[in-house]
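**Q** Protein chains in written order, with this note's numbering: chain L, 1 to 113; chain F, 1 to 112.
In case anyone wonders, no lab produced these hints; they're calculated from the structure. This one's a predicted model, so the numbers in the text were calculated from it and none came from an experiment. We treat Cβ as the ideally placed atom computed from N, Cα and C, and that holds for glycine. Some hints could be false.
Claimed, not checked - Listed next, with one range per pair, are the computed distances between beta-carbon atoms:
hint : chain 1 : residue 1 : chain 2 : residue 2 : range
1    : F       : Asp52     : L       : Ser65     : 38 to 46 angstroms
2    : L       : Leu61     : F       : Thr23     : 42 to 50 angstroms
3    : F       : Lys57     : L       : Lys57     : 44 to 52 angstroms
4    : L       : Thr7      : F       : Lys57     : 41 to 49 angstroms
5    : L       : Leu61     : F       : His38     : 25 to 33 angstroms
6    : F       : Val50     : L       : Ala14     : 27 to 35 angstroms
7    : F       : Thr8      : L       : Asp1      : 26 to 34 angstroms
8    : L       : Asp1      : F       : Pro112    : 25 to 33 angstroms
9    : L       : Ser38     : F       : Met10     : 29 to 37 angstroms
10   : F       : Gly40     : L       : Gln17     : 20 to 28 angstroms
11   : L       : Ile60     : F       : Asn3      : 16 to 24 angstroms
Claimed, not checked - So these bits of chain L aren't anywhere near chain F, every CB distance computed over 10 angstroms:
hint : residue
12   : Gly16
13   : Arg18
14   : Thr20
15   : Arg55
16   : Gln67
17   : Pro70
18   : Glu82
19   : Pro95
20   : Asn100
21   : Glu101
22   : Gln102
23   : Leu113
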Amino acid sequence: DSGVTQTPKHLITATGQRVTLRCSPRSGDLSVYWYQQSLDQGLQFLIQYYNGEERAKGNILERFSAQQFPDLHSELNLSSLELGDSALYFCASSPRDSYNEQFFGPGTRLTVL
Amino acid sequence: GQNIDQPTEMTATEGAIVQINCTYQTSGFNGLFWYQQHAGEAPTFLSYNVLDGLEEKGRFSSFLSRSKGYSYLLLKELQMKDSASYLCAAPYSGGGADGLTFGKGTHLIIQP
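With the rest of the complex left out, here is chain F (with noise of 0.2 angstroms):
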């Protein structure tokens, strides 16, 4: 398996910006993966990043350092439906054809 850590938990204000934080350290390295999950919810995939740099999407967006073993989910104009845990993920084994090693996820709580 893979080492994941992210933060426990983090609080932000409706509007504003947040930034989660991920560090990693695999065994072959395929990529890193952010999940949203809503308590008693399912998963839902957010981004996939393979190369380093930064990748944009609505509201979201996700940056890769591989050098660094390091990632970040960046969310803007924060809403109250934003509260939820993310869950950074890389493959399992970095091999190929495999699941997914999940860090314990970061509890984002955002107040009004």
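Next comes chain L alone, as it looks inside the complex (with noise of 0.2 angstroms):
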């Protein structure tokens, strides 16, 4: 157990639809990063937060957007779902914002049908 937790842990909704992913980080880490893993693409980088603001930008879609609130969860909303939205998506969170071991959640199963 990371001490990361991510609510839900599955999430089956329609194209078109919008969802957001929760994220609390271990106690005392103020980053917080969101990946995306599908099987042909891997594991990617969307974005990370540090203390409240956004920090660092990967392939996140337009359709995607994230924040960190003042109790340093996090939530990542996911609109107009298409069916390639479908994947793992996890949260992770380090003590600080660089170059640290992240320790990551146990991820959120989006299926979009």
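The two chains are supplied separately, each in an independent frame; assemble them into the complex guided by the hints.
**A** Pasting the structure below:
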């Protein structure tokens, strides 16, 4: 158990819909990262927040957005969902903002039908 | 981002040693990570190399050569539970404060 929690564990929805994934980092960690893992693309970095501020962007689509709240939990919002968005979404946290071990949550499996 | 390559799949025997290679091309090097991921589970951290050389941690060791853009993960005394994917990763932009770019992972199969 990494100490990072993610909800929900599974999510099934339809194309065109919008969903919100939630992540609580380890106690004391200020950085939160979101990753998408699909069979064809592998594990891809989406976005990072550090102490409430956006810190870095990766391959995040414009239909996706995220935020980190004052209590440091984070939410990833996915809108206008497409079949290709079906994937495992991981959240990770770390104490600082760079070059350190990241602790991954158990993931949310999103299925878009 | 960075460009990271590693073999897709490897097979080894229980009790043996296996070396998983990773080559990378990065813009501004800031270290190389290795993660282990069992099917359907979260990746877990194994090692982080920022200087050249071998770092040993129990049955697992990781090597880095910055001049060659090359790293390997060495697993000794293989156990059945070592069957997993092993992911090589580097900081996304190489400039600090960012996530990781992962290779596609090497699926390691351990046979009795």
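**Q** Starting from the range 25 to 33 angstroms, see whether the pair Leu61/L and His38/F falls in it by beta-carbon distance.
**A** At roughly 28 angstroms between Cβ atoms, His38/F and Leu61/L fall inside 25 to 33 angstroms, so the hint holds.
**Q** Falls inside 29 to 37 angstroms, the C-beta gap from Ser38/L to Met10/F?
**A** violated (22 angstroms)
**Q** Starting from the hint 44 to 52 angstroms, judge whether the C-beta atoms of Lys57/F and Lys57/L obey it.
**A** Since Lys57/F and Lys57/L have Cβ atoms about 32 angstroms apart, the given range 44 to 52 angstroms is violated.
**Q** Is it true that the C-beta distance of Val50/F to Ala14/L lies inside 27 to 35 angstroms, as the hint says?
**A** For Ala14/L against Val50/F, whose Cβ atoms are near 46 angstroms apart, the range 27 to 35 angstroms is violated.
**Q** Taking the closest pair, is the beta carbon of Arg18/L still more than 10 angstroms from chain F?
**A** holds (24 angstroms)
**Q** Evaluate the given range 38 to 46 angstroms for the C-beta pair formed by Asp52/F and Ser65/L.
**A** Given about 40 angstroms between the Cβ atoms, the range holds.
**Q** Assuming the hint says 25 to 33 angstroms, is it satisfied by the Cβ distance from Asp1/L to Pro112/F or not?
**A** holds (29 angstroms)
**Q** Beyond 10 angstroms from chain F, beta-carbon-wise, is Arg55/L?
**A** Since the minimum Cβ distance to chain F is about 5 angstroms, Arg55/L lies within 10 angstroms and the statement is violated.
**Q** Between Leu61/L and Thr23/F, is the Cβ distance one that fits in 42 to 50 angstroms?
**A** violated (29 angstroms)
**Q** The output says Thr20/L does not contact chain F. Does that hold with a beta carbon cutoff of 10 angstroms?
**A** holds (20 angstroms)
**Q** Would you say Asn100/L is clear of chain F, with no C-beta pair closer than or equal to 10 angstroms?
**A** Non-interface label on Asn100/L violated, nearest chain F Cβ at 8 angstroms vs cutoff 10 angstroms.
**Q** Using Cβ atoms and 10 angstroms as the threshold, tell me whether Gln67/L really stays out of contact range of chain F.
**A** holds (16 angstroms)
Hints 2, 3, 4, 6, 9, 15, 20, 21, 22 from the list above are not met by this structure, while the remaining hints are.
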